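Given chain F's structure and the hints, the job is docking chain U onto it.
The chain contents come next:
Protein chains: 2
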Amino acid sequence: MINIQPISNIIGVLLILVGSLQLLCIPFGMLDEYRDINALLYSGFLTIGVGFLFWIYKFKSSASITKKEGYLIVALGWFFMSFFSALPYKFSSLEIGYADSIFESISGLTTTGATIFSDIESLPRALLTWRSLSQWIGGMGIIVLTVAIFPLLGIGGIELFVAEAPGPTSDKIHPRIQETAKRLWLIYVALTAFLFLILFALGMTGFDAINHALTTMATGGFSTKNNSIAYFTSPAIQYVILLFMFLAGTNYTVIYFGLRGKFKNVWGSEEFRVYLFFILALILSVGLIIHFNYAIPLEEAFRSAAFQIVSIITTTGYITADYTQWGVGITMLIFVLLFIGANAGSTSGGIKIIRHLVLFKNSLLEFKRLIHPRAMIRIKINKQLVDGKIITHVLVFLLLYLLLFVFSSITLCGLGIDFETALGASATSLGNVGPAIGKVGPVDNFGWFPPSVKYFLSFIMLLGRLELFTILILFTPYFWKRV
Amino acid sequence: MINIQPISNIIGVLLILVGSLQLLCIPFGMLDEYRDINALLYSGFLTIGVGFLFWIYKFKSSASITKKEGYLIVALGWFFMSFFSALPYKFSSLEIGYADSIFESISGLTTTGATIFSDIESLPRALLTWRSLSQWIGGMGIIVLTVAIFPLLGIGGIELFVAEAPGPTSDKIHPRIQETAKRLWLIYVALTAFLFLILFALGMTGFDAINHALTTMATGGFSTKNNSIAYFTSPAIQYVILLFMFLAGTNYTVIYFGLRGKFKNVWGSEEFRVYLFFILALILSVGLIIHFNYAIPLEEAFRSAAFQIVSIITTTGYITADYTQWGVGITMLIFVLLFIGANAGSTSGGIKIIRHLVLFKNSLLEFKRLIHPRAMIRIKINKQLVDGKIITHVLVFLLLYLLLFVFSSITLCGLGIDFETALGASATSLGNVGPAIGKVGPVDNFGWFPPSVKYFLSFIMLLGRLELFTILILFTPYFWKRV
Numbered sequence: 001m002i003n004i005q006p007i008s009n010i011i012g013v014l015l016i017l018v019g020s021l022q023l024l025c026i027p028f029g030m031l032d033e034y035r036d037i038n039a040l041l042y043s044g045f046l047t048i049g050v051g052f053l054f055w056i057y058k059f060k061s062s063a064s065i066t067k068k069e070g071y072l073i074v075a076l077g078w079f080f081m082s083f084f085s086a087l088p089y090k091f092s093s094l095e096i097g098y099a100d101s102i103f104e105s106i107s108g109l110t111t112t113g114a115t116i117f118s119d120i121e122s123l124p125r126a127l128l129t130w131r132s133l134s135q136w137i138g139g140m141g142i143i144v145l146t147v148a149i150f151p152l153l154g155i156g157g158i159e160l161f162v163a164e165a166p167g168p169t170s171d172k173i174h175p176r177i178q179e180t181a182k183r184l185w186l187i188y189v190a191l192t193a194f195l196f197l198i199l200f201a202l203g204m205t206g207f208d209a210i211n212h213a214l215t216t217m218a219t220g221g222f223s224t225k226n227n228s229i230a231y232f233t234s235p236a237i238q239y240v241i242l243l244f245m246f247l248a249g250t251n252y253t254v255i256y257f258g259l260r261g262k263f264k265n266v267w268g269s270e271e272f273r274v275y276l277f278f279i280l281a282l283i284l285s286v287g288l289i290i291h292f293n294y295a296i297p298l299e300e301a302f303r304s305a306a307f308q309i310v311s312i313i314t315t316t317g318y319i320t321a322d323y324t325q326w327g328v329g330i331t332m333l334i335f336v337l338l339f340i341g342a343n344a345g346s347t348s349g350g351i352k353i354i355r356h357l358v359l360f361k362n363s364l365l366e367f368k369r370l371i372h373p374r375a376m377i378r379i380k381i382n383k384q385l386v387d388g389k390i391i392t393h394v395l396v397f398l399l400l401y402l403l404l405f406v407f408s409s410i411t412l413c414g415l416g417i418d419f420e421t422a423l424g425a426s427a428t429s430l431g432n433v434g435p436a437i438g439k440v441g442p443v444d445n446f447g448w449f450p451p452s453v454k455y456f457l458s459f460i461m462l463l464g465r466l467e468l469f470t471i472l473i474l475f476t477p478y479f480w481k482r483v
Numbered sequence: 001m002i003n004i005q006p007i008s009n010i011i012g013v014l015l016i017l018v019g020s021l022q023l024l025c026i027p028f029g030m031l032d033e034y035r036d037i038n039a040l041l042y043s044g045f046l047t048i049g050v051g052f053l054f055w056i057y058k059f060k061s062s063a064s065i066t067k068k069e070g071y072l073i074v075a076l077g078w079f080f081m082s083f084f085s086a087l088p089y090k091f092s093s094l095e096i097g098y099a100d101s102i103f104e105s106i107s108g109l110t111t112t113g114a115t116i117f118s119d120i121e122s123l124p125r126a127l128l129t130w131r132s133l134s135q136w137i138g139g140m141g142i143i144v145l146t147v148a149i150f151p152l153l154g155i156g157g158i159e160l161f162v163a164e165a166p167g168p169t170s171d172k173i174h175p176r177i178q179e180t181a182k183r184l185w186l187i188y189v190a191l192t193a194f195l196f197l198i199l200f201a202l203g204m205t206g207f208d209a210i211n212h213a214l215t216t217m218a219t220g221g222f223s224t225k226n227n228s229i230a231y232f233t234s235p236a237i238q239y240v241i242l243l244f245m246f247l248a249g250t251n252y253t254v255i256y257f258g259l260r261g262k263f264k265n266v267w268g269s270e271e272f273r274v275y276l277f278f279i280l281a282l283i284l285s286v287g288l289i290i291h292f293n294y295a296i297p298l299e300e301a302f303r304s305a306a307f308q309i310v311s312i313i314t315t316t317g318y319i320t321a322d323y324t325q326w327g328v329g330i331t332m333l334i335f336v337l338l339f340i341g342a343n344a345g346s347t348s349g350g351i352k353i354i355r356h357l358v359l360f361k362n363s364l365l366e367f368k369r370l371i372h373p374r375a376m377i378r379i380k381i382n383k384q385l386v387d388g389k390i391i392t393h394v395l396v397f398l399l400l401y402l403l404l405f406v407f408s409s410i411t412l413c414g415l416g417i418d419f420e421t422a423l424g425a426s427a428t429s430l431g432n433v434g435p436a437i438g439k440v441g442p443v444d445n446f447g448w449f450p451p452s453v454k455y456f457l458s459f460i461m462l463l464g465r466l467e468l469f470t471i472l473i474l475f476t477p478y479f480w481k482r483v
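Chains F and U supply the protein sequences, listed in that same order.
In terms of this note's numbering, the first sequence has 314 at position 314, counting the first letter as 1, and numbering is strictly consecutive.
In terms of this note's numbering, the second sequence has 23 at position 23, counting the first letter as 1, and numbering is strictly consecutive.
Chain F on its own, in the form it takes in the complex:
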């Protein structure tokens, strides 16, 4: 039996948080004579008010949460947050439609970073701050989901993290996991603050430094500049953001070990090693190709290649160069990179390295199984045997992911979008990346899509962000059957 009360309570808390953070953006309005701060004021109080109604509903403090309630909290929580995060756009003087407001809101909360705005620099400062902050909240939400909620629901594969990660020990949320979540949040907040200071020291305005610190750590990619990071021509700024994108794509447990000096544990994470070497190999190849093919100076070629590759793999989506100008081979490569993702347990979206690792190792072993059909052959991650059920789960995830990608591409084509754009928009939305190829390339925006496409892609972004199963399971008969 599903108990509505804890669901309602938690959604209430989430909305009060969202509303308060909207009010927190108002001071930034002083940068442009408080343009449109009414939008945030109304939206903030409305959201807090509705949140309070949810929170107060049959209030009882210590209700424990079952699995099905967990799914509903995640799905409905994200749904309500998306709706109320869209209000500031709708309430503003910018005359934005409903589809646009919802798209921008979900693109923010899911840390995707695709935008419907063509002239970002003309937006009110307070609203821009809310736009960046919504990504940061989304990132925070994903950390708690991955550490505390997904393991309870049996998805996301925390079992595959570094060996010392705290796993779920029962079907109830364990207090130790709450501790872990707090510790990881602290790292998230501290890294954001640290990045802000560096960017400010390197000459960014305080406003730009805050916004970019928020959206870098969320692997979100919303920028306050029309040209994204290309606006900041200082190589130092680009290198710093590059490094922090890489960090933001790293498993937070690995970062935690790194900060405590336990480098053996850092190196013990196979996923981290693959992440690092895969990126290095790509930078080397693409850097050399564009250096020789397009006569870009060596340092700039490698910086440019590294920035674009790390931005796409971590699903951040900042850009400093238009990679579609680097030939059809690299365009195709970038398209494929939309399907990679960084580490599990980070704020990055998409499939993520760990799943590719399981796929790769298991595929190799399938050949061994063909020659020795009777042998029990299982794969190891971090030197530990991986349970067959987890392998099946990962393979199913991968295939569902590709199926949804195909479904989304067909739908977009059916709605009249051209072939390449449909594939690009689907891949980038499902992977929560941001820029893509075709008519939604790095220098384009999503504003020209018809409302139907915007609503559809918003749904796809949510699906991807919540690891597919969380949303899809609500459409199965199993979920609604009484036990």
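Each hint should be verified, as a subset may be incorrect.
Below are the PhoX-like pairs computed for lysine-lysine, each with C-alpha atoms no more than 20 angstroms apart in a straight line [said to hold, decoys possible]:
1) U:361 with F:481
2) F:368 with U:361
3) U:368 with F:67
4) F:389 with U:481
5) U:380 with F:389
6) U:67 with U:389
7) F:368 with U:67
8) U:264 with U:383
9) U:383 with U:368
10) F:368 with U:389
11) F:361 with U:481
12) U:368 with U:380
13) F:389 with U:264
14) U:361 with F:389
15) F:380 with U:389
16) F:380 with F:368
17) F:481 with U:368
18) U:361 with U:383
19) F:368 with F:264
What the hints contain is simulated information worked out from the structure, not anything from laboratory work.
Note that the structure is a prediction, hence the values are computed from the model and not measured.
For chain U alone, coordinates are given in the frame of chain F:
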């Protein structure tokens, strides 16, 4: 230890067969004053000669075949057959390059049907006959592989056929399987002869009727006409070919039961039922769409939709209409259909319905597993439980398939092919279909590709035709390790 002798013997027999069939095409030269029959004469005798040398090598009649030798027979057998099947093109007066000859030969033997010729009607009749016959040999080869060799090697999933299919009982080829193979060949030959008679009776010339009978039953798709089946405007001919394409995509065991009147067994095949209803649903949707959107008369709209859909799903590749003119939505649909394939145990290529069925059922169950993590939940096909190992094998196959598709697309883009064409050519080659989208659409040909692309796609066609594992396993260390 790998024993070269049985491998050499079997390749010898295959080459003698190929050479003899090349000679058999010579009489068709009388239709155009024996143009270029020398090419077939030289090639035929050379192939028989080399085959004889292979066959005679350390001849010993009753050597049994191990697993590794089985893999080598399949891979090397197909390789040598491809090489010697290419000779007639190269020896002809048409001045065809090596890459073109190899491409056309492999496109034939793999029953793909992609062609490098732009003016097919101008080709010598004897050579055209060889072109069609090579597809028919390929189809015959696939039947024996699926029934007799793949089960021995543990791939292809004969376990998933209708319940009564004879499975492998030991690691040696069982005499009963040889019996089955013979019986299925008989059906293959009989259906081809039957189709020839009908096409002839409906007004095709004897030459056209033979050629189209050969390439229809092989699900190959080589035509003797530049406009493929669109040349034959008679609806009766189109309906007959449509029906036989559907039959050729059906599992031969199912056809066998159908011919013996055991319709309960036919209906008992879940794969067949899905195949039938999936096609009917697609015909209904696409037929209505093109009827209303493009004002095509109702009968013609449904005939046209049915023909293109059945042709693509069975991986035949004939066409009667340019589907890329039906809007971007249907173009995308056709692109996705390149990944479907018909029944296992037929001559069709690609992924095939049974694997999609396993994927679909297993994905649905994964949601059930999430809610009941401790329950043992397994899928059923044809009312029988499917072993976990088979499920993993199918999932690995699907992911490897998609991985190869991605690898092929990147490679083609790297070789300078545009995005849409690269995706289309990769999908159609791996799935052994023939036509695709982009610049290799239904009214285009593959002649304009540079030689590097032709060699590469030839390799991809072989990979797809031999169910990936057969070729890929040769690149693993496991295979070459002495036990």
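Now for the hints, and whether the structure bears them out:
1. U:361 with F:481: Given that 20 angstroms is the threshold and the Cα spacing comes to 19 angstroms, the pair holds.
2. F:368 with U:361: Distance ~26 angstroms between residue 368 of chain F and residue 361 of chain U Cα, so the pair is violated.
3. U:368 with F:67: 12 angstroms, holds
4. F:389 with U:481: With a Cα-Cα distance of about 30 angstroms, the restraint between residue 389 of chain F and residue 481 of chain U is violated, given a limit of 20 angstroms.
5. U:380 with F:389: 18 angstroms, holds
6. U:67 with U:389: 19 angstroms, holds
7. F:368 with U:67: 12 angstroms, holds
8. U:264 with U:383: 14 angstroms, holds
9. U:383 with U:368: Cα-Cα ~19 angstroms, so holds.
10. F:368 with U:389: Holds, because 13 angstroms separates the two Cα atoms, which is no more than 20 angstroms.
11. F:361 with U:481: At roughly 19 angstroms apart (the allowed maximum being 20 angstroms), residue 481 of chain U and residue 361 of chain F satisfy the hint.
12. U:368 with U:380: 15 angstroms, holds
13. F:389 with U:264: 36 angstroms, violated
14. U:361 with F:389: Answer holds: residue 361 of chain U to residue 389 of chain F is near 16 angstroms, not above 20 angstroms.
15. F:380 with U:389: Given that 20 angstroms is the threshold and the Cα spacing comes to 18 angstroms, the pair holds.
16. F:380 with F:368: Since the Cα atoms of residue 380 of chain F and residue 368 of chain F sit roughly 15 angstroms apart, the hinted pair holds (cutoff 20 angstroms).
17. F:481 with U:368: Holds, because 11 angstroms separates the two Cα atoms, which is no more than 20 angstroms.
18. U:361 with U:383: Since the Cα atoms of residue 361 of chain U and residue 383 of chain U sit roughly 13 angstroms apart, the hinted pair holds (cutoff 20 angstroms).
19. F:368 with F:264: 31 angstroms, violated
Violation of the numbered hints given earlier is confined to hints 2, 4, 13 and 19; the remaining hints are satisfied by the structure.
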